[in-house]
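Asker: The hints should help you fit chains B and C onto chain A, whose structure is shown.
Chains as they are written, first to last, in our numbering: chain A, 1 to 426; chain B, 427 to 852; chain C, 853 to 1278.
It should be emphasised that the hints constitute simulated quantities derived from the structure, not laboratory data. Note that beta-carbon positions come from the ideal geometry of N, C-alpha and C, so glycine has one too. Among the hints, a few may not be true.
[Stated by the list, open to error] The calculated lysine to any residue pairs, modelled on SDA-like cross-linking and capped at a C-alpha distance of 20 Å, are:
| no. | chain 1 | residue 1 | chain 2 | residue 2 |
| --- | --- | --- | --- | --- |
| 1 | A | K352 | C | R1107 |
| 2 | A | K9 | A | L198 |
| 3 | A | K354 | C | P1145 |
| 4 | B | K780 | A | M54 |
| 5 | C | K1204 | B | N652 |
| 6 | A | K354 | C | F1147 |
| 7 | A | K9 | A | D330 |
| 8 | B | K780 | A | G47 |
[Said to hold, decoys possible] Covered by chain B, per the in silico footprint, the following chain A stretches (three or more residues, Cβ under 8 Å):
| no. | region |
| --- | --- |
| 9 | 48 to 59 |
| 10 | 108 to 121 |
| 11 | 218 to 226 |
| 12 | 293 to 301 |
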Amino acid sequence: MTVGEELYKLVAELYPICRSITGDGVRRTLEVVDHEVGLVVHEVPTGTAVLDWMVPREWNVRDAWVAGPDGRRVIDFRASNLHLLGYSVPVRATMPLAELKRHLFTLPERPDWIPYRTSYYAERWGFCASQRLVDSLPEGDYEVCVDTTLADGHLTYGEHVVPGGSDEEVLVTCHVCHPSLANDNLSGIAVATRLARLLGQGRPRYTHRFLFIPGTIGSITWLARNQDRVGRIRHGLVLACLGDPGPLTYKRSRRGDTEVDRAVAHVLASSGRPHQLQDFTPYGYDERQFCSPGFDLPVGSLTRTPYARYPEYHTSADDLDLVRPEHLQDSLEAAWEVLQVLDGNRRYLNLKPKGEPQLGRRGLYGSIGGRSDAEERQMAMLWVLNLSDGDHSLLDVAGRAGLPFALVAEVAGTLEDAGLLRRTDR
Amino acid sequence: MTVGEELYKLVAELYPICRSITGDGVRRTLEVVDHEVGLVVHEVPTGTAVLDWMVPREWNVRDAWVAGPDGRRVIDFRASNLHLLGYSVPVRATMPLAELKRHLFTLPERPDWIPYRTSYYAERWGFCASQRLVDSLPEGDYEVCVDTTLADGHLTYGEHVVPGGSDEEVLVTCHVCHPSLANDNLSGIAVATRLARLLGQGRPRYTHRFLFIPGTIGSITWLARNQDRVGRIRHGLVLACLGDPGPLTYKRSRRGDTEVDRAVAHVLASSGRPHQLQDFTPYGYDERQFCSPGFDLPVGSLTRTPYARYPEYHTSADDLDLVRPEHLQDSLEAAWEVLQVLDGNRRYLNLKPKGEPQLGRRGLYGSIGGRSDAEERQMAMLWVLNLSDGDHSLLDVAGRAGLPFALVAEVAGTLEDAGLLRRTDR
Amino acid sequence: MTVGEELYKLVAELYPICRSITGDGVRRTLEVVDHEVGLVVHEVPTGTAVLDWMVPREWNVRDAWVAGPDGRRVIDFRASNLHLLGYSVPVRATMPLAELKRHLFTLPERPDWIPYRTSYYAERWGFCASQRLVDSLPEGDYEVCVDTTLADGHLTYGEHVVPGGSDEEVLVTCHVCHPSLANDNLSGIAVATRLARLLGQGRPRYTHRFLFIPGTIGSITWLARNQDRVGRIRHGLVLACLGDPGPLTYKRSRRGDTEVDRAVAHVLASSGRPHQLQDFTPYGYDERQFCSPGFDLPVGSLTRTPYARYPEYHTSADDLDLVRPEHLQDSLEAAWEVLQVLDGNRRYLNLKPKGEPQLGRRGLYGSIGGRSDAEERQMAMLWVLNLSDGDHSLLDVAGRAGLPFALVAEVAGTLEDAGLLRRTDR
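Chain A on its own, in the form it takes in the complex (with noise of 0.2 Å):
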C-alpha cells in the first residue's frame, strides 16, 4: 500500500461519522487519530469564556428523519448525515408541505447534491436534501424527527506534541468538525496525522503541535488556554482540502513574509508543481483566529483546491470520489518538506569572510582551472560562504542562489564540518 492509498484509507476510515463543533463524533474521530499517532483529548466544558466567546452546549444526534404522508421516510439521517442542519434542535411534529419547505435546504444549482448547513448559534431546527427530491415531493402532512440532544456538557479537542531540542514551536492545525465531507475536514486530519507520526521518527529542531480541533470555536478555545504558550510559535501551517486534483496552493500569513511564507513558497517553486500562492484575507480556516491582530502569529494555510473554490465544497459531492490517493501524497510530501525547510533553515556565519576561502586545500573545489562548467554544488558553497554574514537564513541563500534548499543546507553543514562556518542561531 501507498502512503497516499494509507492516507485514503484513514479518510475512508472517518468518513461515516457525524462530526460537529462538538459532540461524540468528535471524540470518535480523535480515537481513530488518537489510535495512529497517540493524542491528548481535552474536554472543555460547556459555558467556558473563551476569548470574545462561550463554548456553547454539546450536540449529539440519535436520529432524525422526515416521513411523507405514505408514513416512509423520505429524508434520512441514516442515510447521509449531511441531511441534518448541523446543529438542529430536538422536534417532533406534523406540518403541511409548505411549513416542511421552510425548514428545507437545498442547492437549486446541483440539484443532486445534499448541501451543508449549519445552525450554531441561533436555536434552530431543518434538514439539508437534493434540490431533486424536494421537488418530488407531494403535497400532504409530513411528520417530522429530529431527535437530537443540546445540553451542557464538553467541546473536544485533541493535541499532538513532537518535542525537539528547542521549545519555540511549528504548529500545525486541522479542523475536525465537519460531517461526512471528504476533502474539507478529513483529509487534512490524515495529512497532519501522518506528518505528526513521520516527525516522531526523528528528533526535530523545533518543538511541533499538532491541533485538532472544531473550527472557529476549537481554535478560540485553544488560544484561550494558551495564551502563555503563544509566544513561542514560530511557524504554523492550518492544513484542508488535501485530497482533491486541484493545484497545491498557499495562502500567505497575516503578515505576508515570514519565514512559513517564504518555506512554502521556496517548496512550491522549487518543485516544478504548478501552484498559487494566495494573500492573506479574514476567511477561510482557522487562520482566521491564528491571524487575528490580537495574535498575528506566523501562520498560512496549505490547501489544495481552497476553501469555498471548488463546486463539491460543503455538499455531499465532497465524498470518498473527490479524495485521491496520489493528491493525498503529494501534499503529504509537500508539507513534509515545508516541516523540513523550517527545520533546516540555520544561519551561519562565514568565519573567514575576507575573500573567499582556499576550498581547494580543503578538497572541498575541483583541482583543474579553466572549465567553463561551475557545478551546482560548488555554487552552492560559494552562495553560502558568501551570504553567511549574520543577515541570511539559508532559505534565503536558496532563493537567491536559486538553489534548491536540501542542496544549501547540505553544504552548509560540509562547510561547517571544513571549520569555515558557525552556527549563529540556537
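Answerer: What follows is chains B and C alone, placed relative to chain A:
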C-alpha cells in the same frame, strides 16, 4: 438642468472675460465665483516681495488692434482676447508688414487657431493670430494700437473656507489667470466652486480651503503670505483641465505615496473609470509651487487630459466646444469622492483583537453556516476587524481588501456602534 | 588610428606572452602597461600568507612539447602557449599513447579548438590540444618534455594611481594571468590602461586606483596587503571581456544598489545601447573577492559577453579575431562615462527652496509664456531645483527626471553660478 449643465453654464459665463495674472479680468471672475459660493478677495500691492518673486505691475486692456493698409482692423482684441500677447506694453505706431511680423505669434501646424502667448516679465508687445490670417496680409503699412495700462496696482486672488471639525486643512486650488480658455482654467474654477458649495452643505472633518489664484505668481503669493498656515495642510488637490473628453488623470504629489495619492488612486481604480496615474514632475500647474522642496506639501493634481497634452491646449480651440457637461460632471463626482474618502479615512482599534469577536451574537453575522458565499458586507467587517490594529487606516483596509471605501467606512461605523472598535485619530 | 585601433594594438602586442598567476609573463605584461601609463610593480614572495591563502611558488616555462613515435613534435608550446596545462610541474618521460592521453585535455564538442586549463594548487602536468589532433595520434611511444620551473619566487602585480582631490577612491581592476586569451584578460588590460591615461589628463575628484593583478590570488594578495585602504573605496569596477561583439553587460555589486550600480545602469540605459544588467553571483572575476562578506565593497563588473558565456571562452578561439577595435572603443567609452558620472555625482542644496525661484529674472527661463514645449534644459533646471533637498544626488535627479546625467550636471553648475544651489558634499 443636470449638475454637468450647471457647471457648463458657469464656464460659459466666465469664458468671455479677459483674465491675466493681475487686473480687472481676475476681479470680474472672482465676482462671479463669489456669487456662487462666497469669497474673501485679497488684493496684494505691486512690488510686494513674495518668496523669490515680486508682485508685478497690474495690467489692464482697453483695446488693441492692428489695422491694414486699407485702414480696416485685421486683428482685433474685441473679436478674441487671445489676439493680444498677455502683458503687452502700450504702443501706437505704424510700420511695414515685415516689422509687424516680428511681433506676431502663430501656430503654423494649426493654421486656423490663434495661440495663447504671454510676456509677463519682459516688456514687449505683440499679437497672436492664425497662420492663415497672417499669410493673407498684403504688403503695406500697418497701424498698431495696444491700449493697455501696466501700472502699480494689485494682484488679486480669492479664498473660500469651509470650516471643519478640525483646523487641519484640505487645500483645493485652481488658476484664474487665463483669458478665453475653457478647459484650461475655467473647468477647474467651475468644479472647485461646486465642490465648495457641496462641502458647505455638511460639516466636514477637515477645514477645506479653496484658492482661486493666478498661476505661479498667485500660488507663490499665497504661500508667502500663509507660511504659518502651511503646516496645517494635510491633503491638497490642484484642479485644472476637467472638461475635455480625455480620461481622468492624477499626477501624484512629489512624495508620491501620501494619503491623497492613495485616495485618488483608490477612487479611480474602484470606480472602474479608465484613468491614468502619473508621477510628479516639476512642471504643470501650481503643484510646482506647493511641491517645491521647501514646502513639499501632500498636493497632487487632478485633470482629465493633462497640461499641454491635448492639441487645443493654449489655443483658441480650447473653447466652449471642447468642454462638455458630462465630462465636467464626471470630474466633479470623482473629486467629490476623493474629498469624501479623505474626510472619512479614519483609524480604528479593534477592541476584541484576540480571535474574531462573535459577530453572530451581535446580529452582525448570518446565522446559517456552511454557505460558500461570504457576502461583501461581512467580508468588509472581517477586514476592518483584522486590520484595525493601529497601523491601518480605512483606506488601507479598502485597498488590501479590494472593497469600496464607502462600504468599509460604513461597516466600521457599525462595528464602532457595537463596541468592537474605537477611533484612534482625532 | 582610432582609439579602438590603439586599444586593439595593445591587445595584439600582449597576446603572444605566456602569462600565469606568477612568473615572467606577468612581468613582461606589466612592462608593456608601464610603458603606456606608468606602474608601480609589487613583488610578493612565495609563502606570504594572504588572507586564507598563501602566495604560491613562481612558475616559469622554458619549453614544453610532446614528440610522436617518429620523433616529431606533435604538441608544441612554441606554437601556442595554451598547449601547456598551466602550472605543469617539470617532467621528462616516454610513455605509450594510452598513458599520455591521461594527461591530455580536449574539447570534444569543439574539435578544432585548444582548451585553456590550469592546475595551480595540485601538482600535475598536462597538455591541452584539439580533439582532432588527439584523435589523429597513432599508437606508439611518445616523448614528453615539460621544461618548467616551480620554485620560490614572487607573485607580481601592478598598480597605477591617478590622484584626485579627495583620498576617497575609485578602484578599477583587471586580471593579467591568462596566456594567449585576447578577450578574457587582454581587452580588460587595454581598456583599464586607456582609462588611466584619460583620467591622468585631468584632475578627478576621487583618487582612482588601477590594479593589474592575477585573478583570485592577486586580488586576495592586494586585499590582504591593503586592508587599511579598503575603507576608502567608494566605487569600483572589475573589467574583463570587453572586446567581443556581445552587448555590454553589468553585473551588480553584492549590495546591488550602490552608486556604481546605479551609475552604470544609468549610463547604459541613457545611451540607448543594447545591454544587460545582472545580479551579483559569487562567481566570475575578482568581484568574488571584493564582494566577499568581510569586504562587501561597492564593486561591480563590466563586460561585454560575460564570463563563460561565449563559446570561445577559455579556448584558443578567444584570439585576435574575436576582439574588434570598435567593441573595445565602445567599452572604453561606456566605462569612461561611468567614471565621469561617479566623479560628477554631486549633491546640492536648493538655496531658494520655497516655491520656484524666478529663473526668468536671472535669464534662465524663456520670456514668452504659454508655449507647450518645455525645453529639456529648462526641465533639467526645474528637476535639479526640486530635488536638491539634501537627499538626492545628481544621479538621483537624472534617474527620476529621465534626463541625461551630463545635462543635469551642467545645469546644476549653471544654477550654482546663479547662487541658487550650494554643494553639500565634500
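Asker: Given the hinted pair K354/A and P1145/C, is their alpha-carbon gap at most 20 Å?
Answerer: holds (7 Å)
Asker: Given that the region 218 to 226 of chain A was listed as covered by chain B, double-check it with a C-beta distance under 8 Å for 3 or more residues.
Answerer: holds (count 4)
Asker: Run the distance test for K354/A versus F1147/C: straight-line Cα separation, threshold 20 Å.
Answerer: Holds, because 6 Å separates the two Cα atoms, which is no more than 20 Å.
Asker: Between the region 293 to 301 of chain A and chain B, are there enough contacts, at least three residues with CB-CB distance under 8 Å, for the coverage claim to hold?
Answerer: holds (count 4)
Asker: Given the proposed pairing of K9/A with L198/A, does the C-alpha separation stay at or below 20 Å?
Answerer: holds (17 Å)
Asker: Between K780/B and M54/A, does the CA-CA distance stay at or below 20 Å?
Answerer: holds (14 Å)
Asker: Given as covered by chain B, does the region 108 to 121 of chain A meet the bar of three residues or more with CB within less than 8 Å?
Answerer: It holds: at least three residues are needed, and the region 108 to 121 of chain A offers 7 whose Cβ sits within less than 8 Å of chain B.
Asker: Holds or violated: K352/A and R1107/C, Cα atoms, limit 20 Å.
Answerer: holds (19 Å)
Asker: Are the Cα positions of K1204/C and N652/B separated by 20 Å at most?
Answerer: holds (17 Å)
Asker: Check the hint pairing K780/B with G47/A against an upper bound of 20 Å on the C-alpha distance.
Answerer: holds (19 Å)
Asker: Would you check the hint for K9/A and D330/A, treating anything up to 20 Å between C-alpha atoms as holding?
Answerer: With a Cα-Cα distance of about 16 Å, the restraint between K9/A and D330/A holds, given a limit of 20 Å.
Asker: How does the coverage statement for the region 48 to 59 of chain A fare against chain B, requiring three or more residues with Cβ below 8 Å from a Cβ of that chain?
Answerer: holds (count 3)
The structure is consistent with each of the numbered hints, conforming to all of them.
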